[in-house]
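Given the coordinates of chain A, work out where chain B with the ligand should sit on it, guided by the hints.
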Amino acid sequence: MTKVNFEFDSKMYSGTKGEPLVVALLKNGIKTVTDSTYLSRPRGVMALGAEEPCALVQIDSGSGEPMVPATQVELVEGLAARGLAGIGDLPNVSDDARYDKANRHVEVLIIGSGVAGLKAAQIAVSKNQRVMLIDDAPRVGGYFVAKNNEIDPELLAVLDSPNLLHLQRTTAIGLYDQGYVVAIERRTDHLSANYDPKVARIRTWHIRAKEIILATGAFQRFLVFPNNDRPGIMLSHAAATYIDKYQVQIFKKAVVVTVDDQGYEDALRLHKNSIQVQAIVDVRSNAVGALVDEVKKAGIEIIFDASVTNTQADEKGELAQVAISKVDLTGKVLSAVKEISCDLLAVSGGWTPTVHLATFIGVKPKWVKEKAAFVLQDLPKGLSAVGSVAGDLGETENTPASFFGVLPEGELATVSFIDLQRDATVRDLKRATGAGLTSIEHIKRYTTIGTSHDQGKTSGTTTIGLLSQLISKELEEIGTLNFRPPYIPVLFSALAGRDRGELSDPIRTTPIHAWHLDAKAPFEDVGQWKRPWYFPQNKEELHQAVARECKAAREGVAVMDASTLGKIDIQGPDAAEFLDRIYTNMFSTLKINHSRYGLMCGVDGMVFDDGVTTRLGENHFLMTTTTGGAAKVLDWLEEWLQTEWPELKVYCSSVTEHWSTVAIVGPKSRALMKKLAPDLDVSNENFGFMTNQYAAVAQVPARIARISFSGELAYEINVEGFFGLHIWNAVMDAGKEFGITPYGTETMHVLRAEKGFVIVGQETDGTQTPQDLGMDWIVSKKKEFIGKRSFIRSDTSRDGRHQLVGLLPKDKLKLLPEGSYLVAKDSKQAIADSNHIGYITSSYHSAALSQTFALALVADGRNRVGQNAIVPLFDEQVEVVITEPIFYDKENTRRDG
Amino acid sequence: MLSINCPWCGARDETEFHYGSQAHVAYPENPETLSDEAWAHYIFFRDNPKGWFQERWVHTAGCRRWFNVWRNTVSHQFGPSYKPFTPAPARP
Ligand SMILES: [Zn+2]
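Protein sequences appear in the order of chains A and B.
Okay, so the first sequence: first residue is 1 according to the working numbering, each after it adds one.
Okay, so the second sequence: first residue is 1 according to the working numbering, each after it adds one.
Bear in mind the hints are in silico, worked out from the structure with no lab data behind them.
Cβ atoms here follow ideal geometry from the backbone N, Cα and C, with glycine treated the same way.
Among the hints, erroneous ones may be present.
Said to hold, decoys possible - Label pairs and their in silico Cβ distance ranges:
1. T399(A) x G10(B): 46 to 56 Å
2. T60(B) x T589(A): 26 to 36 Å
3. N72(B) x K297(A): 13 to 23 Å
4. T60(B) x R484(A): 24 to 34 Å
5. E37(B) x E476(A): 48 to 58 Å
6. P84(B) x L165(A): 33 to 43 Å
7. G761(A) x Q22(B): 49 to 59 Å
8. S439(A) x E37(B): 34 to 44 Å
9. G10(B) x G436(A): 48 to 58 Å
10. A88(B) x S588(A): 57 to 67 Å
Isolated chain A, as found in the complex (with noise of 0.2 Å):
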């Protein structure tokens, strides 16, 4: 027994560590914890775990957590905590703690220890089977344990069995298909602060069991009455176990209110612990036996056929005095019996199989009249259940009735609470069933009953049996509630473990990253990838840098970083065949070391990929792919010759990484190449446009091809990964006198949509054909490839599809924003209707136009160009041209320099 300090609402309080924090406040005579969500009433414990509807709070110590129940904290030196009306705080400390998942394949995993799980742990273990044994409390022994028995030893040494892995402090928070269980596993909190702080404070398990044997126990269930939610009422069963177990002695004068033996039994228990029970209030007509005779033997008087019909407060709001009466099954109020001063109330309202595990699988519970529960019925294989939960709720000599509590009129039903952390009122239920309203899923949204962090554990089942009084059904008629994981709230920390900060997100970076870090350029994210976005100088913005660097490929010589591009290595007697079947062009035409640009479509005839491809050799291509769609585009090429064509010899790698690319373009390219390779025969003559020559370039081999996305004569310079940086860096130094400038990403866009380059996934959404974009070119007619049967489908071949275009903003500075829609300029009603024409996929400021310009899909588009139209923006409508689309260089003049 340690003595601990710890803080609650700003005041310091000592207790005995390891104890629940709601009975430190009790002994600290704190019987209000917090005030409710809605309504500010006063607030106390009710329950005795993860079911505790009222006593939420906020732990501000360590990593800290909002919204956890008091009855599941666990007192250590230095805790600090605070009464949380409903609403939690994110704590504002960052979180330092660890956090951990871990993975468990075991033959039989239990959930629950106490007697019954114990039990099944025993037999398992019994047969030499692997076994997961977790609950969710500190210690082992459940129901039985809070009794305040002691555990057979021979029982408790099944957790010694080497085949068995215990964990107490974890609870199962999901249960899915195929044996599949989550659980969080609380490793730290309950310790002093000096644990190793490489201990992780909670690990996520994720279960695979062949077999799951459910001992999750039962709920008490509390009943409604007005005044219901003051502190010093509680359920009978966590009453008993605070007073005898934990030795609470703040209460003096209780009264009992019940439907079932359990309220005698913890009656007997309070009386023991020399609190005066001045009375049990049973809502059945008759009950007897020892127990009963015990009862009458204690001098406790027993009302029957009555029920708590209204409470009274103190000057604190806590519990003073409860009214009796004698009611009817259907919860009337028939006439009053008496009043009895008293500070506690031991509500039991039966019990509620802890059934939440097997219904997120879509079991449906069944109710047991004369157990008064549902239970768990017709379960899958692989799933089985024991104990409370399975409706083994012990032998009792009198059956329990099914009662849920009185259904007052009037203000009363006001103030007669059915779910307590969302203050939902017997008021609330009547509204739902005057509505129309009998589905208890239905009732749930209505009346928000069930959706609070509890989730209804403790008035679900109240609110079907009260619905069941109220419309005069049969529980069994109206069903049970579907629960949904988690069982019980849980950090997002938990669910993350180590996947946070950097590790939240794998990123690439190519060779080269360490120089564009250097020069200190923005970043763009282009799928994983981190592609330097510009590179500013002297603090220039966005568009003055984009402007520079534009003028420099245009006019001088600019380098990029290309390494991002996919990269995809094809092998095989059949790989020209395949490519052909892939793309809309030929490839199988191509000469060796020349390279080709393709576009590749769906079976429904929408362009899907591009890029350039490269023959190396008679069976070997090099396929680059958009830098976001390498693997989809991949994924497609395995799926095919898998599926479809197994016939090919073909072989599919991704070589993306293998590869560094340093794209040098712009006139002064080919006099920078010169000086690079100097061997190397540069000519247009003998080094053409898309073709590829192999030459050593600052002493590291490399594959030089003349490919060009920026309509300047250019040359890429490819080398194994690993030389990337080294050939950035001889490239960079061999371009000072040339003035070589880098670019980045957004320079790189404005000089292909300055040539009408279109970029998949910027001019296209998976709905354009070639067609469309004005690529009828590339689409062969003399071979089957994927799509082709879909460009003669009614609805690819019809006119008035939207088609890419060009505009020119009449206003010359006037940048569009991407996205924007355009009307056509003679209708005024157009703009009103919102009828738009197409909308802008690309829009840039370019410093070779002198003005803005936009690339857009265009309804009808290339009949349009010539035309006027308006983009209607927030504030303003700007006139614009339709064009075709492309702004420079429309005769390829400058592409061999």
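For chain B with the ligand alone, coordinates are given in the frame of chain A:
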């Protein structure tokens, strides 16, 4: 999370796989000869049965191979999986 039986690797978690829709929908022999409607059936139309269904899956984050499998769309139960171009096992 489902556990899916790859015919090459054995049972693995669902996150390693991608779904590939209905199995045994072959690319038509001569697409050019098909009516618009027949072609549209190949592109867009798939069965959606309640109960046992033959599906394609690919072990993307594993062996990267495609396979077929029986799955029950009501109970989420998996039946036998089998390699492409091998005879389908009987409905479970
Ligand atoms: Zn596999």
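Hint check results:
no. : hint                         : result
1   : T399(A) x G10(B): 46 to 56 Å : holds, 52 Å
2   : T60(B) x T589(A): 26 to 36 Å : holds, 33 Å
3   : N72(B) x K297(A): 13 to 23 Å : violated, 60 Å
4   : T60(B) x R484(A): 24 to 34 Å : holds, 29 Å
5   : E37(B) x E476(A): 48 to 58 Å : holds, 50 Å
6   : P84(B) x L165(A): 33 to 43 Å : holds, 40 Å
7   : G761(A) x Q22(B): 49 to 59 Å : violated, 27 Å
8   : S439(A) x E37(B): 34 to 44 Å : holds, 42 Å
9   : G10(B) x G436(A): 48 to 58 Å : holds, 54 Å
10  : A88(B) x S588(A): 57 to 67 Å : violated, 35 Å
In this structure, the earlier hints numbered 3, 7 and 10 are contradicted, and the remaining ones agree with it.
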